[in-house]
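The primary structure of each chain is shown beneath.
Number of protein chains: 2
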Amino acid sequence: MAEEGPGFAGALGRAAARTESMLDACLPKADGPAGQADLAAAMRYAVLNGGKRLRAFLAIETASLFGAKGSGAERVAAAVECLHAYSLVHDDMPCMDDDDLRRGKPTVHKKWDEATAVLAGDGLQTLAFEILADPATHASAAVRAALVLHLAQVSGYTGMVGGQAIDLAAESSSRPLSGDEVKRLQALKTGALIEFSAVSGAVLADAADEDIARIRAYAGALGEAFQIADDLLDVTGTEAEVGKRVGKDAGAGKATFVDILGVEGARDRAEMLVAEAAENLSPYGPAARCLIEAARFVVDRRS
Amino acid sequence: MAEEGPGFAGALGRAAARTESMLDACLPKADGPAGQADLAAAMRYAVLNGGKRLRAFLAIETASLFGAKGSGAERVAAAVECLHAYSLVHDDMPCMDDDDLRRGKPTVHKKWDEATAVLAGDGLQTLAFEILADPATHASAAVRAALVLHLAQVSGYTGMVGGQAIDLAAESSSRPLSGDEVKRLQALKTGALIEFSAVSGAVLADAADEDIARIRAYAGALGEAFQIADDLLDVTGTEAEVGKRVGKDAGAGKATFVDILGVEGARDRAEMLVAEAAENLSPYGPAARCLIEAARFVVDRRS
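Protein sequence lines, in the order shown, are assigned to chains A and B. Here the working numbering runs 1 ahead of the position in the first sequence, where the first position is 1. Here the working numbering runs 1 ahead of the position in the second sequence, where the first position is 1.
Hints in this document: simulated from the structure, not taken from any laboratory. Ideal Cβ placement from N, Cα and C applies to all residues, glycine included. Be aware that one or more of the hints could be misleading.
Simulated crosslink set (DSSO-like; lysine-lysine; CA at most 27 angstroms straight-line) [to be verified]:
#1 Lys30/B with Lys112/A
#2 Lys53/B with Lys255/A
#3 Lys184/A with Lys112/A
Which chain A residues face chain B? A few, computed with CB under 7 angstroms, are given here [as the list claims (entries may be wrong)]:
#4 Gly36
#5 Val119
#6 Thr127
#7 Ala143
#8 Val149
#9 Leu150
#10 Ala214
#11 Ile261
Chain A on its own, in the form it takes in the complex (with noise of 0.2 angstroms):
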């Protein structure tokens, strides 16, 4: 990924060296007794990982956006990541969607073992809460009480771990979900973060409610877009370009917008998406671009 340019494409790039230093300075260094060395490592194996970072971007570029100061925009980023890799390390594990290979690599059960995958991941959850309330983030306690109870809102029963329990059950179960369902359990398995992401940066610089709004409609688009290519790829893609295995979704029973809307009917919908996203940031212009080039990026990815 390019770190020089104008565009998307660079202010990715930036994002992602600025959220890596901030989660290398965050993250414990592997230096302690047997076991909690090993988790050290696992933690940051699991986040320092090479992913795009696209969350840690949404936060630093609607901070930007707003005019937030300091690196409470990095320090949201951070905290983001590692709810995410969390999330991954879980539900990677035997036990949930049982995956040996995440961006081309080890899962972090099969490089170490199921245990330090529990633990690894409970203590990175924990990390984005900490990363969160610490002062350092933002100078009002407000700011920071707010941020930690919208990540939790989004994130716990009423988020992502409520809709990754809401997929499980959906693949043992003999009735398909329908359309709503499935849109219904990837807003929380999957958009309800992206959306946290993008707000987290306009609350960060305490934009104003109807802007706050309007970020809000963007990410809810994009994170649907998001998911929708993440379907299609996993029909369309190949292992090499993915990173990680294919055809599994069709193979699990999984319930996925391709298998309600047909792969033309899928990229439809994202086609309309992305116009969705670009339309709610139009009041702010060429500030804006790169946000609206990130719900283009989202659905020509081809990983």
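For this one, chain A is given, so just place chain B on it according to the hints.
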């Protein structure tokens, strides 16, 4: 447990009842779609399990000692019990301590499955932070953010999760831990959350720094006494009394205070810690009687 009476037993029972009422209000209802409903049921089962609620008692009793008003103490107590319950659900899993029974009942992964145990634990950790960050916990966002930060520090890599990683590594190591290493491990794994429980009540009541320091010293002694008593019960208790498998520490090669000090030495050390706990509370006179009795209870308990 008698809920009447002026002494410790009555206070513990009342704290448990108030905390369980708050937990019932904060935990999700099991009325969501398939999968999410099971997740809610498992989260409720894991927390509303007849535990002693010692941590909840410590939060509520110190809040009362320093004059906290409102329902904040019950909320902090509920958050601590969610955090504690999450750690038990994950620790009981086959890849960790592999326990089928918890307080005489099937553990979450036995009653449901391992995926539900991972997700229920994850969701309970999130809920703990959600409860603390909610404005209902304290009018001051600075207090709420400080509670979140402190809970994260005592429960993540630098606390409970880190301690569990050291404990698992010690089991599979041929070198036994030294006395200092056992003490440090237990301080991380068990002591840190007990300390948070007691200190959080004082923080909630805006207690002075010197009062918080006394409560911290009291809770440090009580926490170590608690773990010594746990190790003694594993050697001297019966499964019917203790409600979980006993004799497992020796079988698993776990590092315990009894290994280091012997049964009599461990009992002596526990008695010394009870006295130390009481000494730290001497400035508060009869108002601290129940907290002092709690340290005695921790050592004398049969389960």
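Cross-check of the supplied hints:
no.: 1; hint: Lys30/B with Lys112/A; result: violated, 37 angstroms
no.: 2; hint: Lys53/B with Lys255/A; result: violated, 41 angstroms
no.: 3; hint: Lys184/A with Lys112/A; result: violated, 34 angstroms
no.: 4; hint: Gly36; result: holds, 3 angstroms
no.: 5; hint: Val119; result: holds, 5 angstroms
no.: 6; hint: Thr127; result: holds, 3 angstroms
no.: 7; hint: Ala143; result: holds, 4 angstroms
no.: 8; hint: Val149; result: holds, 4 angstroms
no.: 9; hint: Leu150; result: holds, 4 angstroms
no.: 10; hint: Ala214; result: violated, 21 angstroms
no.: 11; hint: Ile261; result: violated, 16 angstroms
The structure does not agree with the numbered hints 1, 2, 3, 10 and 11 stated previously, though it agrees with the rest.
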